[in-house]
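> The lines below spell out each chain.
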Amino acid sequence: MFGGLKEKLQAVRDRLGSSIQASAAPQAMAAAETVAGTAAKKTISPAGPTFTDKVKVLITDREFIVSEKDISDALSELEMTLLTSDVALPVTDAIIAHVRANLIGKHRKIGQSVDALVVGALKSALLEVLGTGFSLVEFIKAHDRPVKILFTGVNGTGKTTTVAKIGAYLKKQGYSVVIGAGDTYRAGATEQISVHAERIGIKIIQHQEGADPSAVLFDSVQYAVSHKLDVVLADTAGRFHTKSNLMNQLEKIRRVMKPDLVVYVDEAVAGNDAVIRAAEFDRTVGADAIVLTKADMDSRGGAAISIAHTIGKPLMFLGTGQRYEDIIPFEPVKVVDELLGSDT
Amino acid sequence: MQQMDQRELMTLQHYMKEYGQQAEIFVGQLEMLENGRMEALAAVETLEAMLSAEDGVVLLQIGGGASVRAKVLEPDKILLSIGAEVVVERPNKEAVEFLKERIMEMEASQKKVAETLDRLRSQMNEINKRLESGYQQASAAGQDQE
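Chains as they are written, first to last, in the numbering used here: chain X, 6 to 349; chain P, 433 to 578.
Keep in mind the hints are simulated off the structure, nothing from the lab.
Keep in mind that this is a model prediction, so the values were computed, not measured.
A few of these clues could be false.
So these bits of chain P aren't anywhere near chain X, every CB distance computed over 10 angstroms [stated by the list, open to error]:
#1 L473
#2 L505
#3 P507
#4 E564
#5 A572
#6 D576
Straight-line distance between alpha carbons at most 25 angstroms, and here's what the computed DMTMM-like set of lysine to aspartate or glutamate pairs gives [stated by the list, open to error]:
#7 P/K543 with X/E330
#8 P/K525 with X/E12
#9 X/K176 with X/D265
#10 X/K208 with P/D437
The beta-carbon is built from N, C-alpha and C at its ideal position, and this holds for glycine as well.
Please take these sequences and the hints and turn them into a complete structure.
Listed below in structure tokens is the structure:
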């Protein structure tokens, strides 16, 4: 997952590190020369610090200041790396600004690991744009049962499969779940979700193809209430935000089932397009959290890095394969550690 | 072999249908990647030819199979879309390098999608075998009843 971005960030990390190292070296040399000059004139007391100690203290404890000039080339490289990985321009700008503010003008000890300095700055910049993530389990714990979750998104991004995967995930966490087959528009969608539901052992509420999805989802909520179930997962037909009839239908669904959480599903491989579509959906029908599917196919990682910062809504899950268990809660710290290494 | 019931046959048919739809999506992705790769290869060829053409004259396709001779004013200044809807100006050689890297990335993605598609197809073959044996059992049972 995001292998290309990881590789490129590693190169930028090395480049930033060597730029800072190169700027610190002349200052260290100057310090060493000063000590050597002083030591040549004085007799060294056996009880006092040795010449080597003095040099060591002066070199390692001496501070140097990272200047804009020292890292400007490496920052340009970082900017290109992020843009070519399809990270949205405002997000790229935010990351660069954060790294710049974190590194430039700061007093750093020469002995301090440059790599730790660089990785620290990159990590905090990425964490800032990735936000805090979103724990579905915590969300469910904090709300009255049944918790109603509505899934929306464009066609063909893996929405129905995501509903099934999240159903399997919640079941594994010990929650009772019912799925509402609200995609009554696409031929075969009801069959598809009922096969999934049967495989993972979750109750499904469905009507005839072409039925009113609001009615199906209302029935699903009623079923959950009467059977005291924890969660309702409401699947809906894929739609583009420009199709006003389908968007009105979604508005009706929202009115009827009153979801606690609206989840927008798109594919990570769509890159910046996914970010733009998510922003449009958020503007027209609203979205509380995002799921990106097919993240295992995405080597760039642009959408995953950009989406939370761009639309201000957290990324909740990443779909990483075809099996039901191939869905991982999006945890920013883990993702950043994966991209930059957790050795610091 | 255990007799397959009607319900199991129907479930297998659903699986086949679902996997078939998934396979179609992956085939579509492969086509898109291949188109992108071919386009990038053509761009690399054009960029390299443009530098070597002394008078900077190229054939510009204007659609419908028609072309005109066009003179490129600055063959070493290439406007390149690098992603995230950002266009940057790059020297010809750097643009070629960038495109070659993109081609390599697309080839890696193609490989990954093709592997997934192969896995899917082998699963479909398995289901198909089970379906066929189910149909045979059903038809044999029908003949016995006659």
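> Could you run down the list of hints and mark each one as holding or not?
Do the hints match the structure? See the list:
1. With 10 angstroms as the threshold on Cβ separation, the claim that P/L473 sits away from chain X holds: the shortest Cβ distance comes to roughly 18 angstroms.
2. At roughly 26 angstroms from the closest C-beta of chain X, the C-beta of P/L505 stays outside 10 angstroms, upholding its exclusion from the interface.
3. No Cβ of chain X comes within 10 angstroms of the Cβ of P/P507; the nearest lies about 23 angstroms off, and the non-interface call holds.
4. No Cβ of chain X approaches the Cβ of P/E564 within 10 angstroms, the least distance being about 20 angstroms, so the stated non-interface status holds.
5. Here P/A572 stays apart from chain X, with its beta-carbon at least about 27 angstroms from theirs, past the 10 angstroms limit.
6. The Cβ of P/D576 lies farther than 10 angstroms from every Cβ of chain X, with a closest approach of about 30 angstroms, so its non-interface assignment holds.
7. Of the pairs offered as hints, the one joining P/K543 and X/E330 holds, with about 23 angstroms between alpha carbons and a cut-off of 25 angstroms not exceeded.
8. Taking the CA atoms of P/K525 and X/E12, the gap is near 23 angstroms; set against the 25 angstroms cutoff, the hint holds.
9. For the proposed pair X/K176 and X/D265, the alpha carbon gap of about 19 angstroms is at most 25 angstroms, so the pair holds.
10. Of the pairs offered as hints, the one joining X/K208 and P/D437 holds, with about 22 angstroms between alpha carbons and a cut-off of 25 angstroms not exceeded.
Going down the numbered hints, you'll see the structure goes against none, and every one checks out.
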